[in-house]
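Q: Here are the chains, one letter per residue:
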Amino acid sequence: MDTDTTSFRPRPVIPGDTVPIPIATPNPSAESSAPPPVRIGPGLHRRPDGSVVVVKAGVLCCNEAKDGARWWVESNFKRYVPVQGDPVVGQITYKSADFFRVEIGAAHQAQLSALAFEGATKRNRPPLEVGSLVYARVSVAHRDMEPELECVDQTTGRAEGFGELKGGFMIKCSLGMARNLLLPKFPLLPTLGTRFPFETAVGVNGRVWISAATEPRIAAVARCVVLADRRPWGQVKGVVEGVVGSVEGV
Amino acid sequence: MVPAANGSAFMEAGKIKVMAAVYGPRQRPASAGSTSSSSPVLLCDFKFAPFASPSRRGYLKDSSERAASLSLLRALEPAVRYEALPERSAVDVFVTVLEEDGVQASVASAITCASVALADAGIELYDLVIGCSAAFLPSSPDTPTNVLLDPTVVESTHPSCTGSLIMAAMPSLAEVAHFELDGSVSGEEVGESIDLALDACASLHGAVKAVIAGSGSGDTVS
Numbered sequence: 003m004d005t006d007t008t009s010f011r012p013r014p015v016i017p018g019d020t021v022p023i024p025i026a027t028p029n030p031s032a033e034s035s036a037p038p039p040v041r042i043g044p045g046l047h048r049r050p051d052g053s054v055v056v057v058k059a060g061v062l063c064c065n066e067a068k069d070g071a072r073w074w075v076e077s078n079f080k081r082y083v084p085v086q087g088d089p090v091v092g093q094i095t096y097k098s099a100d101f102f103r104v105e106i107g108a109a110h111q112a113q114l115s116a117l118a119f120e121g122a123t124k125r126n127r128p129p130l131e132v133g134s135l136v137y138a139r140v141s142v143a144h145r146d147m148e149p150e151l152e153c154v155d156q157t158t159g160r161a162e163g164f165g166e167l168k169g170g171f172m173i174k175c176s177l178g179m180a181r182n183l184l185l186p187k188f189p190l191l192p193t194l195g196t197r198f199p200f201e202t203a204v205g206v207n208g209r210v211w212i213s214a215a216t217e218p219r220i221a222a223v224a225r226c227v228v229l230a231d232r233r234p235w236g237q238v239k240g241v242v243e244g245v246v247g248s249v250e251g252v
Numbered sequence: 087m088v089p090a091a092n093g094s095a096f097m098e099a100g101k102i103k104v105m106a107a108v109y110g111p112r113q114r115p116a117s118a119g120s121t122s123s124s125s126p127v128l129l130c131d132f133k134f135a136p137f138a139s140p141s142r143r144g145y146l147k148d149s150s151e152r153a154a155s156l157s158l159l160r161a162l163e164p165a166v167r168y169e170a171l172p173e174r175s176a177v178d179v180f181v182t183v184l185e186e187d188g189v190q191a192s193v194a195s196a197i198t199c200a201s202v203a204l205a206d207a208g209i210e211l212y213d214l215v216i217g218c219s220a221a222f223l224p225s226s227p228d229t230p231t232n233v234l235l236d237p238t239v240v241e242s243t244h245p246s247c248t249g250s251l252i253m254a255a256m257p258s259l260a261e262v263a264h265f266e267l268d269g270s271v272s273g274e275e276v277g278e279s280i281d282l283a284l285d286a287c288a289s290l291h292g293a294v295k296a297v298i299a300g301s302g303s304g305d306t307v308s
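One line per chain: the protein sequences are C and A, in this order. Start counting at 1 in the first sequence, then tack on 2, and there's your number in our numbering. Start counting at 1 in the second sequence, then tack on 86, and there's your number in our numbering.
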């Protein structure tokens with residue numbers, strides 16, 4: 003089958019599907035002699051015989067760039083895999099003199115050093131208790147180790163918005179929904195923001211912390227996030243209008 | 087299907103109704119000794135619901151359910167990419183048969199349903215594992231044995247049934263993940279049944295693929 007990446011359209015794939023990624027052959031008349039590299043992304047696996055197979059169900063995407071094509075599988079799951087640099091919302095499950103253990107919904111609980119806070123010293127520890135919520139960044143994420151978090155930017159020494167989340171309420175959503183909520187163009191939070199003020203912290207681990215002046219408002223935001231999960235973007239505004247219209251005291 | 091699970095699937099095949107839920111990869115509880123290896127582990131649990139059969143089953147696993155759990159594990163293991171799972175983690179697969187129609191056919195459907203649930207949970211798989219069952223039944227004592235695919239409980243427990251098999255195949259890789267044969271059957275009959283079962287797995291794979299590709303989440307196969 004002729005594979006022309008310029009006419010490639012994203013298509014749903016399941017584990018076991020082979021991907022006809024063209025291995026570029028060097029063209030003697032081209033300017034550079036080396037073929038552009040093809041990058042294999044998440045959800046794809048290269049077999050020893052060179053063929054590429056899908057390992058995660060989702061939508062196969064391809065991005066043609068001058069420095070080579072990128073192929074990956076776009077999927078939406080619930081289980082979070084820690085990646086360095088991700089902002090996450092977690093709950094403290096254990097407290098010791100030097101560190102906290104934080105549940106972030108990954109395969110292992112994460113470690114948060116008691117010194118990884120703005121202005122923290124050995125004598126001045128953050129006042130976090132078991133059960134507290136924190137907004138932190140993943141500083142170390144490796145398959146063979148427990149992930150580590152930090153609530154401070156190492157270069158500036160400032161919190162940059164991370165730290166304890168006081169009050170409010172945390173809900174869980176799918177990873178794709180969390181990624182959408184972090185996009186400025188996604189209509190859910192801005193639409194709610196025109197109705198009443200509230201505060202959210204969105205973790206890419208599928209957890210959203212919501213805080214507002216009254217409980218009905220917190221419940222309205224939570225309901226919108228839950229109902230809009232896995233729905234197309236076009237339906238999100240309608241969902242928000244429906245929820246806000248039905249919640250009293252908003 | 088199961089909101090609390092990371093991945094789930096529901097499947098109907100004739101009268102058989104199977105539900106699978108996958109949790110993980112999550113932290114494996116640390117065993118007492120450090121001798122347990124740190125590699126990731128797949129744990130399979132197969133259970134008939136007490137109301138699944140015409141006569142009530144107990145809520146504790148009996149020997150056939152423990153054997154079916156082992157068959158499920160053997161069938162799913164070749165497809166799971168263990169390199170992608172974190173160290174010292176476990177993936178739990180729980181399969182419940184809500185209505186059964188013969189043990190072999192129920193286990194075969196459980197295998198298919200469990201691999202769809204694994205895909206729904208985002209566990210990296212080399213391929214989907216499709217299960218298929220067959221029974222060896224002569225239509226009368228003198229005629230050669232027929233191979234009946236997807237036998238019902240009447241067919242698989244018939245007095246003149248000489249054997250039954252469960253086949254789990256990975257159609258895209260053209261490999262057999264698990265094969266178990268029970269009974270007294272000749273070599274030619276086994277060969278014929280393997281070819282038929284592989285064809286059945288391939289066509290069921292096409293149907294399962296169409297459902298997964300069409301749905302966003304909460305896969306339902308019927």
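In short, the hints are calculated from the structure, not lab data. Heads up, a few of these hints could be off.
As the list claims (entries may be wrong) - Going by beta-carbon spacing under 8 angstroms, a handful of chain A positions derived as facing chain C:
hint : residue
1    : Lys101
2    : Pro111
3    : Ser123
4    : Glu163
5    : Pro172
6    : Ala205
7    : Ala207
8    : Leu211
9    : Tyr212
10   : Asp213
11   : Leu214
12   : Met256
13   : Ser289
14   : Ala293
15   : Ala299
Predicted model only: the values in this text are computed from it and were never measured. Just so it is clear, CB atoms sit at the ideal spot from N, CA and C, and this is done for glycine as well.
Q: Flag every earlier hint the structure violates by its number, smallest first.
A: When the structure is compared with the hints, numbers 1, 3, 4, 13, 14 turn out to be violated.
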